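Protein sequence lines correspond, in order, to chains R, A and U. Residue numbering for the first sequence follows our numbering, starting at 1 and increasing by one per position. Residue numbering for the second sequence follows our numbering, starting at 1001 and increasing by one per position. Residue numbering for the third sequence follows our numbering, starting at 2001 and increasing by one per position.
Derived by calculation from the structure, the hints in this document are not laboratory data. Because the structure is a prediction, the values reported are computed rather than measured. One or more of the hints may lead you astray.
[As the list claims (entries may be wrong)] Some chain A residues close to chain R (C-beta under 7 Å, calculated; not the full set):
#: 1; residue: P1016
#: 2; residue: E1031
#: 3; residue: T1188
#: 4; residue: Q1192
#: 5; residue: L1243
#: 6; residue: S1257
#: 7; residue: G1273
#: 8; residue: Q1274
#: 9; residue: P1276
#: 10; residue: D1277
#: 11; residue: L1281
The beta carbon of each residue, even a glycine, is placed where N, CA and C say it ideally should be.
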Amino acid sequence: MDALLSVDGISKMYQTRHGVIRAVDNVSFDVAPGEIVALVGESGCGKSTVALTLLRLIAHDGGRVMFEGVDLDAIGGEQERKLRQDLSIVFQNPYSSLNPRMRIRDIVGEPLRTAYGLRGRALNDRVRQHLGDVGLGAEHMNRFPHEFSGGQRQRIAIARALALEPKLLILDEPTAALDVSVQAQVLNLLRDLQRRLGLSYLMISHNLATVESIADRVLVMYFGRLVETGPVSEVFDHPRHPYTRALLDSVPSIDPRHRDRLKSIEGELPSPLNPPPGCAFAPRCARASARCNEVAPTLERHVDGRQVACYHPLGQDDA
Amino acid sequence: MSRPMLSVNGLSVDFPELGRTVQAVRGCDLEVGEGEIMGLVGESGSGKSVTAMACLGLVPPPGQVRGEIVLDGFQVVGRKESELTRVRGELAAMIFQNPGKALNPFFTVGRQIADVLKHHRAINDHAAREIVLGAFRTVHLPDPDITFEKYPHQLSGGQLQRAMIAMALTCEPKLLIADEPTTALDVTIQAQVVVLLRELAATRGLSILFITHDLGVIAALCDRVAVMYAGTVVEQGPVADVLGRPLHPYTAKLLDSVPKLGMGKAELTAIPGQVPDMGSLPPGCAFQPRCERASEQCRQHDPVARSFGGGRLAACFHVEDAPELGDDRVA
Amino acid sequence: MTAIGDEFKRTPVSEPSLALVVRHFVTSHVLFVVGAVVFTVIVICALFAPWVATHDPIAIVFADKLEPPSLDHLMGTDSLGRDIFSRVMFGARTSLMVGVVVTGLAILIGLPIGLLSGYFGGRVDTVLMRFSDVFLAFPPLLLPIAITAALGSGLINAMFALAVSWFPWYARIMRGSVIRVKNELYISAARAMGVSHTRTMIRHVVPNALTPVVVQGSMDFGYTILAAASLSFIGIGAQPPRMEWGLMAALSRSKFLDFWWTVTFPGLAIFVTVLAVNLLGDGIRDMLDPKHKEFR
Chain R
1 MDALLSVDGI SKMYQTRHGV IRAVDNVSFD VAPGEIVALV GESGCGKSTV
51 ALTLLRLIAH DGGRVMFEGV DLDAIGGEQE RKLRQDLSIV FQNPYSSLNP
101 RMRIRDIVGE PLRTAYGLRG RALNDRVRQH LGDVGLGAEH MNRFPHEFSG
151 GQRQRIAIAR ALALEPKLLI LDEPTAALDV SVQAQVLNLL RDLQRRLGLS
201 YLMISHNLAT VESIADRVLV MYFGRLVETG PVSEVFDHPR HPYTRALLDS
251 VPSIDPRHRD RLKSIEGELP SPLNPPPGCA FAPRCARASA RCNEVAPTLE
301 RHVDGRQVAC YHPLGQDDA
Chain A
1001 MSRPMLSVNG LSVDFPELGR TVQAVRGCDL EVGEGEIMGL VGESGSGKSV
1051 TAMACLGLVP PPGQVRGEIV LDGFQVVGRK ESELTRVRGE LAAMIFQNPG
1101 KALNPFFTVG RQIADVLKHH RAINDHAARE IVLGAFRTVH LPDPDITFEK
1151 YPHQLSGGQL QRAMIAMALT CEPKLLIADE PTTALDVTIQ AQVVVLLREL
1201 AATRGLSILF ITHDLGVIAA LCDRVAVMYA GTVVEQGPVA DVLGRPLHPY
1251 TAKLLDSVPK LGMGKAELTA IPGQVPDMGS LPPGCAFQPR CERASEQCRQ
1301 HDPVARSFGG GRLAACFHVE DAPELGDDRV A
Chain U
2001 MTAIGDEFKR TPVSEPSLAL VVRHFVTSHV LFVVGAVVFT VIVICALFAP
2051 WVATHDPIAI VFADKLEPPS LDHLMGTDSL GRDIFSRVMF GARTSLMVGV
2101 VVTGLAILIG LPIGLLSGYF GGRVDTVLMR FSDVFLAFPP LLLPIAITAA
2151 LGSGLINAMF ALAVSWFPWY ARIMRGSVIR VKNELYISAA RAMGVSHTRT
2201 MIRHVVPNAL TPVVVQGSMD FGYTILAAAS LSFIGIGAQP PRMEWGLMAA
2251 LSRSKFLDFW WTVTFPGLAI FVTVLAVNLL GDGIRDMLDP KHKEFR
């Protein structure tokens, strides 16, 4: 099956007073129709930048982004408008992603106005339908965002994102700002919608447990680069990259009997203005060798389809 | 057990607004023993942060605090501001969620902490600096003398949080109140802070009241835990018991609704409805509208915490109706 | 479909009585209330001047000239025997008009400039801001003096001159506000949806960036009245026979020592109006402060 979204070697560099920062460094991945792919990493890894690039809110340097076989940089006008219907986003912060001075009816209706020029009754009917999909009713249409809770606002943001019936939905940490008990509601809703509407998701998250509960495949990023990819269950059960392992080890288990499994790794992200010459993770890695500090490893595809960027991946030479 | 480091009895905090009163905390009881790490877990509106602030007399006006808070024998409620400033830092210190905001961007990190120290003790600059460098070493901040001269914006989130812990420790308090210190941190940095706090509690006999919404951190760090919902403690007890065999339906549902590593792709049991408006609570149990065990009794009366042996408390009429709980509740 | 009812429950508490609400409001915003009340009185005087005035304001009665305040002439009469109280009442019309026109015109010019500047940034910003800076470079009253010297004296020209020297402030305020709003997520969301720049600016940016401009405008209202009166006082603003407080004070300037009421009452009118408007403006600013949760 042809990939819905195909990202090929994109980078993003920022010119600052103190030098060049490589926020995203040669990232490539695909999202197939009906697939949920999670882009995972901590702050500063570049995952949000990747999302903004896909939406064309910022321009990327180098590489190509293809949606349904069409190069996004080569299109304009009508084609670009069509693209915006197929590709949608739900932002992290439900408190600032909705215009506080617009009514819900107008917020969810705006994409329909812009893309199809819908007005009046036709518009309201569609809005009502999409609000219903996320569990909100017609009585909510005339209200303002501040009258709703965080979870409800995120539903409104999802309804807005689905208004144009996109094929791919980018979710930027959709539950991070919500209360724990509400996160489950929203995750269940997202899972349900994906099944019913046959959507693809590119979900950006730093929460591994959330990712495991919803995603099919995972892409792990560190310092602007992809370090490991593969099916979620395989990567999380048998991580090959030391950073993935460290990430998994850092997540505290809810079972207090397992509290000794929590391992912290020393050090921090290297300075983006002073990147290590070789592998970005080498300064913090127990398995690092001289080679790791000289030349950065590239993403290698293993026989089982998984990819790892490491000279000493786990599970190969030793436990 | 010796006298508890912190004892909160019947704490209530109200915020009067026009025409109504928001009850941020409605009858909270908890204790933190010496050298004990106590977790306080809850979602927004649970009152956990207000409880923490009340312990140091930091509830902002027009909040009205009633009840009793005893900090190492010192009564906090009803004290004058001048008396409280002596206690803050010396008896108990607090660290916050956003360390960047707790530090003044105009001064170097070292200078600020040294200033705090000199405010409490009559010592000169040099002695203060030595103490601060020592504190930096205790919290494993790399290159203490270089870090001393840095400004807050030059430090990373993890380093800032360590610096804040260092600031809290300079006056050697007996109790550390930590209000969601790891919520805004990356998971690897969070792990570092958890390990650090464990070490501090073990080596210095520091008592910690750790407030968070993250059950995993509670499991990893705390000895005992109190679960708060809508302004009151609904369950309390040793961590292994509360998280392993919860008595209160909210605790049970909360545990079920959290995705856990190792569970795979699974439908999560969500809690229907949402947290109530603390300015207009229905009569009876605050959790009742969302509870599957709710009965008429729950709608009429607000349950009081009862003891269930082994230091466990729960405020629910239907604890015995809990579904059969096996040891496999947690993954 | 997940059957999770996120019931929207906004159970209203017992609505507080109107008396309680009013009393609470008045006691916490005393100055604002004073300003609002006084301003309302002034507006009423202006609107109903023909009925409030005790005499015909332009009737010249030499027999009654320079009479001190009395029951018949509440504020006395001027050198042409005209009742000052009535003239002050009619003068309120002029002053309020000045406030509205000058402030309104300044906002009308400054707001779009600030909007385009803040939204697009870059070269557009540079050009527009340098253009505004030209007007900012002049000391406050010098530019209006220069413009009226070129165009001729008169209230209309004075108002135009004031608006032209005032708009750069609004451009800057709007620009700052727009820059802040521009970085909000809902703007990115709109752009990601394909909403055009024009619609984004009008529908999303302006409504959320307007507050500081409104606050400044309400505070400036009083100063524009003062500025117009000052221009009239030095002879280049309102010209006789227009009834304008500054002009009235100017015309009787030489008589101040012996006939104090001819200058004092117009001056007092200016003072009271500007003060009331300032208090009002302060109150509006406080109410629109997002930290003020009770008021939306």
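Going down the list of hints, with the structure as the test:
{"no.": "1", "hint": "P1016", "verdict": "violated (22 Å)"}
{"no.": "2", "hint": "E1031", "verdict": "violated (19 Å)"}
{"no.": "3", "hint": "T1188", "verdict": "holds (5 Å)"}
{"no.": "4", "hint": "Q1192", "verdict": "holds (4 Å)"}
{"no.": "5", "hint": "L1243", "verdict": "holds (6 Å)"}
{"no.": "6", "hint": "S1257", "verdict": "holds (4 Å)"}
{"no.": "7", "hint": "G1273", "verdict": "violated (9 Å)"}
{"no.": "8", "hint": "Q1274", "verdict": "holds (5 Å)"}
{"no.": "9", "hint": "P1276", "verdict": "violated (11 Å)"}
{"no.": "10", "hint": "D1277", "verdict": "violated (10 Å)"}
{"no.": "11", "hint": "L1281", "verdict": "violated (16 Å)"}
Of the numbered hints given earlier, the model fails hints 1, 2, 7, 9, 10 and 11; all others are met.
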